[in-house]
Amino acid sequence: MLGRGYVTFRSARGSGWRLMGEALSPYRSVVILGSLFAATWTAAKVAVPSIVRVIIDRGIVPGDSGALALGAAVLIGAGVAQAVSTGLRRYLAFKVSLRVEADLRARLFAHVQRLHFGFHDRTQTGELMSRANTDLQQIQFFLVFIPITLANLLTVASVAVVLLLTNVRLALLALAALPFLNLGAAWFSRQLHPVVLALQERLAGVASVVEETVAGIRVVKGFGAEGLQQRQLDAAAEAVYRESMAAARLRAAFLPFLDLLPTLGLVAIVWLGGHEVLAGRLSVGELVQFNAYVLMLIWPLRMVGMLVAQTARSAASAARVAEILETEPAVTDPSDPLALPDGGGPSGQERGMGAVRFEAVAFSYGSGGAAVLDGFDLDVAPGEAVALVGPTGCGKTTVARLLPRFYDVTGGRVLLDGVDVRRLALADLRRAVGLVFEDTFLFSDTVAANIAFAHPGAARETIQRAAELAGAAEFIEELPNGYDTQLGERGFSLSGGQRQRLAIARAILADPRVLILDDATSSVDPTKEHEIRGALAEVMAGRTTIVIAHRPATIALADHVVLLDHGRVVDVGTHAELVARSARYREVLAEAERRDEAERSLAAADEDRVGAGS
Amino acid sequence: MRGVGRGTGQIVDAVEEALSPEEARRVIRRTFRMLRPYRGRVALAAALLVVQTVAVLAGPAFLRYGIDHGIARRDLGAIDRAGLAFLITVLVGFVVSRAVIRTVARVGESFLRDLRGRVFRHLTTLSLDFYDREKAGVVVSRMTSDIDALQELVQQGLVLFVVNGLLFVGAVVVLMAMSPVLALITLAAVPPVVLVSRWFRRESNQAYLDLRDRIGDTLSSLQEGLSGVRVVQAFAQERGQISRFRSASDAQYAAHLHTISLQARFFPAIEFAGVAASVVVLVAGGLMVRSDAVTVGTVAAFVLYLNNLFEPINQLSQLFSTVQAAAAALHKLYGLLDERPVVAERPGAYDLAPGGDLTVDGVTFGYGGAPVLHDVSVEVRSGERVALVGPTGAGKSTLAKLMARLYDPDAGAVRFGTTALPDATLASLRERIVVVPQEGFLFNGTIRDNVAVGRPDASDAEIVAALERLGLADRFQSLPEGLETEVRERGSRLSAGERQLVSLARAALADPAVLVLDEATSNLDPGTELAVEAAMAELMRGRTVVVIAHRLSTARRADRVVVVDEGRVVEEGTHAELMARQGSYAALYASWSQEPGAATADP
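Protein chains in written order, with my numbering: chain X, 1 to 614; chain Z, 1 to 603.
Don't read these hints as lab results, they were simulated from the structure.
These figures come from a predicted structure and were not determined experimentally.
Think of the CB as a built atom: it goes at the ideal place given N, C-alpha and C, for glycine as much as any other residue.
One should not assume that every hint holds.
To be verified - If we take Cβ atoms under 8 Å as the criterion, some of the chain Z residues that face chain X in the derived model are:
1. A58
2. G70
3. R106
4. R121
5. E224
6. S261
7. H331
8. Y334
Let's have the full structure, built from the sequences with the hints guiding it.
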């Protein structure tokens, strides 16, 4: 399980640092270049007050216009150098950090796409989203600071040197308070972070009352429960108020303090500096210069302080990302894959391909889990259709998942056309096995692209033919843009039955040797089911098919039925034979029927408002 | 569609389309009106802000005094006076800025707290047509991301924004006071800087809008790739998904880098303007010192004040997008507050009589578009049980909603007894007529809270009595925490059937004269199915009932069946009468019975 508490913190940070170093290494030269510009920027910036001092002391006070003009020219030059280098420093720093962020994002995505089902079973999508989003951002925050931090440290050091060289006593006085600025900023950042997190939680509290009320607005209205929800919201808003004020108190305590420290240095300069000037140990120009330098140190010191806190957060984020990248895919290509026997066409129907064989297969989810399959044997001849029937949890869905190697068997083996599936390249195997899932997942893309998912380059005629076979062509043509209609988030949404037919079209287009229908009709309105059954019969003709079903009408599509219980085959025969001889079979069907009956209705869920275009 | 269309948590940088000047003026005026209750504190905050600004601006003035009066005249006393005055100002500034942060936070946060309450209160008064029209996500975002944008301003930007504005104005005033000529020469640098800032603001706002879209694309591609990973692997399309994601991610990178390249041009320009202005001050000042037009101290103070001139411009352009986002958020919130509930209580509304017939008289209704119901008339006599039956989309649910005045008809009327529903007080209406929706919707809270939704003041005894009436008291009281069991978000700790039971108990406690039931169609766990049926039967006893029937058995048990099709009542009568008529009800019945297993399901 992923999570903050999973790895111990120290080792976690180690892996985080390694990841950042590794991700940064291709861009070493850009980082160095950025740092050089940062140093140039520092040099120019630090030079400016000194040039101003020279102008005041040699030009303005003695009234020397030559010196004034020269000084002005030098100052302009320094200004240009400063401007150019600050721009390039910033650009390069962001370029590298954003590039690294994008690289890691793509790498994380690619890695996760290839991770086995088992990983996805135990990891929530939201969790991965936040790795790829918030955590990568935290890494970027840190990386972008590298050149500027170097520049800041350089600024602090060189300013300190210049000031000490100018006047030791005044320098010590002016600088005395500044280290506290650094410490204070770090402390503040650490104090504020938990309050900010708590505030976010309170804000989430408001959001959940609002979401609940909006989702349940019909109940709220129906019972006149507005007042009740209002009281809850008021309480949530009050909690936000209290947490925000806590944050405000923290800011009130620290921010003015952080401002005060350097200003005290300025007071010391005016006061004691004045005395020094009168004593002849300091020039007026130097006094102004001191002032400017102290101002120049404020931000670098504050930023270094904040960076200390940011560093810890970024390292922890990087460690969480590294943890995922270090997870090895459990299902991988064999080192030297075998080829499937040539089937003539892609589906292998011409040469009678598509034999499936499970030999003494054992399987359990996770090590030490209860056995889901145990000594499971199944033989499906090419072109044959078999229905797997059994009570919930008997392992029938597992059977469907082992053939395309979503999981690997823990014992025995699974053969496709005589080859152990673990000896095949994954892409070959999965092209040979097509699946229609219980829940249809559509991508936010066009209808055509969703159908052509297995072969993104498929010709429009191929797509249309697949849609026709799946009984989907009719409704697709009625969509606003036909096959080019966008589905999903910013597009059109389809009904359950329509989605299911697209999934079938998708499987038809993939043209697999073996087709697996995993409860593919269960989410379809029973009054529409017969249409889909027709489409299914079309696809199954001459193709090896494994049907997982519990409705007799769907079971009837298969040549024979395999009854599963407790991970084993308990009976095989035609539907009629099993109904006649197996009490367990009748029991299983009746149980499934009873579950189904609850969903069955004169008309399915009332969807008046869909028609009203809400 | 599963996997697509779910929002993600990230709030992208707060950027918004800019408001028109007219809209902006309206927002500002209204905000001032809304701030009226806090005017004492607002005035205090404003006064404190001015003091803080003066304290900041005083520093260079004391330096100037020290140089001109102390150093130039070799007067140690003047230096000490300047130093002491500076120290006092600094300490005053320190104390005041603490007070500023606290006062502004108190005003801002209480404004936001009250705004949250006010907007939410308003949301709950809006009628269902509003919720049909607006996407739930958008409504929720008014209360979350929009108000959060304001919060961001209150916490991060407001003080800075005002202080920087004041600093700029203050610096101009001080410079003019010290030396009008030198001030005017210096200020010549301001217009180009302002022009460049405006260019930057415009460009970067556009660039951030673009970035926001790109981030949205990346996130949805990410979300889709993750939720659809099983399908992707099943069809061996990892490569395609990865390259799709990579191009979204690269587009985000490019858009982000564009915003940076704008900054990389703007910030140096401002920095250079600062240096260039110092050169102008030094050269012009130097010449003026020679002609004794200004003192050396004045020149020194000018150089220091330049910081207070250019830094605020810089800060203001960076804060501008936060302010703009907040203004846009306020604009949307005010728009929402101006939304009027359609189903509202009329002036002079009176309480409904305790009982009576429910009459639907020539009602036509559409959800803003084409009519869903056409001239429908139905009469439900007091104590009668009527089943509404018909195919999906026929308008049964709509009809039921009109009967409870969740909407008002476009034409025709719904009456309870002799009172047209719009003439009744909403409180009495919700007391007499209660709708029990198809799925038991539970709120976060205990079972007790959820039963008491309609009557929050009900005593424990009344709640237990309501549960007992439905035969449910033991079932819930036997839970480890009894009625105080937390149901968690949307009741996730209970099964679908149990949620339905709580929902029925809620109706029983409300004890209405008329019950409008939307029968559950979804899968109930076998353990609770019987209990739900029994509770439902008990709940209906002695009441007028309108039930949207999804099961044959329900329709058969009703006193009368009303068949709705395409927004019209097509048949009316008892089950037996309608079966004998061989019309659409009989046809519906037949199509259902043909389904395998139907015969056993409804013996």
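Checked hints:
| no. | hint | result |
| --- | --- | --- |
| 1 | A58 | violated (11 Å) |
| 2 | G70 | holds (5 Å) |
| 3 | R106 | holds (7 Å) |
| 4 | R121 | holds (6 Å) |
| 5 | E224 | holds (6 Å) |
| 6 | S261 | holds (6 Å) |
| 7 | H331 | violated (19 Å) |
| 8 | Y334 | violated (18 Å) |
Hints 1, 7 and 8 from the list above are not met by this structure, while the remaining hints are.
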